[in-house]
Amino acid sequence: MPVIVLKYGGSSIADIEKIKKVAAAIASVKESGYAVAVVVSAMGKTTDSLIETAKMISNDPPKREIDMLLSTGERITMSLLCIALNNLGIDSVSLTGSQAGIITNDRHNDARVIEVRPFRVIDELDNGKVVVIGGFQGVSYKRDITTLGRGGSDTTAIALAAALEAERCEIYSDVDGVYTADPSMIKEAKHLPELSYEQMQEMSEAGAKVLNSQAVQFAKNENIAIYARSTFSQGKETIIRKLPAGIHKGVSSIVYETDVARVSFCMEKLKDDLDLLFDYLDSNQIKIKELNYFEEENSIKASFIISYQNIHNLSLIQKELNDKFKNNINFYLNFGTVSVIGEGINNDNTILTETIKLLKNNEIDVKGISTTSFRISLLMDRQKIKEAVKICHKRWIEQS
Amino acid sequence: MKIIVQKYGGSSVAEIEKIKRIAKKIEGKINEGIKLLVVVSAMGKTTDNLIKLANEITEEPVPREMDMLLTTGEQVSASLLSIALNDLGFNCKSLNAFQAGIMTTGEFTQARIKNLKTKKIKNLLKENDAIIVTGFQGITEEGEITTLGRGGSDTSAVALAAALNAKCEIYSDVAGIFTTDPRLHPDAKKLKYITYDEMLEMSSLGAKVLHSRSVEIAKKYGITIYCGSTFSDEEGSYVMKKNIEQPVVSGLSVMDNQTQVTLSNLPLDYNLVQKIFEKVAKEGLNVDMISVISNSGLNISFTIIEEKKSHVEKALTQILKDMKGYNVKFHSGFSKISIVGIGMKSSSGVASKYFKALEKIPVKLVTTSEIKISCLVEEKYKEKAVKSLVNVFEL
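Chains as they are written, first to last, in the numbering used here: chain A, 1 to 400; chain B, 401 to 795.
Just chain A, same shape as in the assembly (with noise of 0.2 Å):
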């Protein structure tokens, strides 16, 4: 029997009507002629109330017991699930992460899934039952929990379907697949039917909230065809797959990033100030993107940007780095990027500079610039995303 892995968001499985719902059509799914497994997210806004919970006690919550209490979201819906499908004479059964296989490695809020030990899985799927299983979470060696981070019940989702050698994987959320850009923003956002694996990769990357890096890197890894579709609006989709290179070339997309910051460092030469800055960094788990460094006579300068969606502990951060560097180090955090994505965009620079010319024309500050082969990132005030986002999409998508 061929195996199907089923994704839903948590807008998708947000109240109880709704978890029925996606029981029917998971039952008629499995009617069909599959081996069905499926993978939930937390309710609506679960995970964001837990968080705020967490604050209430603590601006610096341990990283470990955050995944503890985070982890109880997806364990809510995929119980209420296998009740909705059991209910309608669908034999099922909920499995945590843990008790999936999904192993990790032990970066806390997130974590990297290592491997898939998908046993208790096929054993279930072989009895013929529906498995649910809790997307976003995962257990380390330590057996400790985990969670995965944003995006991180695709993660679980892809990486399972690439374990369980599934036909494909279903990604079902309140969109119906991948847009030129965020259409609530952008109304003449196009809906775009396919994807590469790599374009797909790039507007994660740049913030684009539809599927996680590291979930296409599965895909692409194992070949597998992930469908993006609406739950709840039959019809249009996105399907991201192996494409031949060149056939859709020049600008695919406009995706933007809110919360970013800018950190800038500067210090005297020979000191070892960097070192204990990345350290630090890297023990609290930012990772640092888009790093600028150069040496002057006697000093040197750099400068890099963090993503702290997923930081819970920012403003405690801050602090100790101002403790540490005094007035050497400076953050920014109202910054935010928009990028232009598509294959072969840097091939020359023309949309580099016009893209420049278009913002600074509309009075909209670029503060950093930089390019991959797939992508051009822009950096500049938050306040000016969703003009910059709008002048990008009119030019590239629009008018091309």
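Worth double-checking, as some hints may not be accurate.
Covered, in the sense of this in silico footprint (three residues per stretch, anywhere, with C-beta under 8 Å from a C-beta of chain A), are these stretches of chain B [claimed, not checked]:
| hint | stretch |
| --- | --- |
| 1 | 446 to 454 |
| 2 | 457 to 468 |
| 3 | 483 to 490 |
Derived by calculation from the structure, the hints in this document are not laboratory data. Note that the coordinates shown come from a computational prediction; the quantities given were computed from them, not determined experimentally. Quick reminder that beta carbons are idealized off the backbone N, C-alpha and C, glycines included.
Chain A is fixed; fit chain B onto it per the hints.
Only chain B this time, still in chain A's reference frame:
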């Protein structure tokens, strides 16, 4: 290494402010050089709310999934208390039943603790000031998550205390064990001591202070349980082997929502009695106040809690499906009132005093054991009966 096991009930951890206050209370103990193993229940009405959610889908949710659902409650309170202790600068970790090694049987929603793998807890207590363990839950050898039934967190705490040979302190919003429920009868007196046997009768009769399985374990391993109030310094009660004060009647307990099941006109076949109760036990249903009367036919009556009515009805229909002419009746709206006292064993006249106290009240059924007398009355007579018994036995 001196270890104390403490347990905090749902109302004690009902909100963030209370969790912070408990952390402060624990801080005091840690500063005395004691290692704390803290067992917590789910916050306030969390468990009830989760049950409600499941009941929105179906009245009969699968037990395995109910356990998966309900066990999230304690994991939330355990991690929050751990966060609060870490915030005070202590080393503390929360553990769920899987991590704590609380091994149980496989009966979902009412599993029993089989044994504890305490090696991990012992190691972690060496490195940490406190360890928080989720109460109420366990894990089977197959890795399935189970729960221990209502009030099961007491059992988790006492079992851990027994395994670690530690003192056990159980905290709630009630400052100890009273002669009767102080929320209903503000005049109820607090008991300084109560024996395991008395407490067992009280727990199984509806006194909500301690889960009866926890008292069984305490009795088996000789663990003294201290029951006190979370947020006051008032001296609480000790559950132990001997009662130094030895009153004739120690307490009174009330159990509401009782339904009387009456089967009449059954064929005169005693095998049937055994079959019926075997079936009921198999379904995990608790029955009490059993009476079997035989004249021309067989009449059986027993009590159950009201919420199990449809379940019992189903079981009886299955077992009696080939029989004709019998009657099954369910009467709801009863309360069971019991008095308990280790001194009853050696005192006479308790029964006559008891019936005298109830002379103006229509009593439906009476059952007795060595240390208790229970009666079934309509709920509307409950208050009157309790008042009268409290007076007569000076509770």
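Structure-based check of all given hints:
Note: the stretch 446 to 454 of chain B has 3 residues with beta-carbon separation from chain A under 8 Å; the three-residue rule is met and the coverage holds. Proximity of the stretch 457 to 468 of chain B to chain A, defined as three or more residues with a beta carbon under 8 Å from a beta carbon of that chain, is established by the 8 residues found. Counting residues of the stretch 483 to 490 of chain B whose CB falls under 8 Å from any CB of chain A gives 4; the rule of at least 3 is met.
Consistency note: the structure conflicts with none of the earlier hints.
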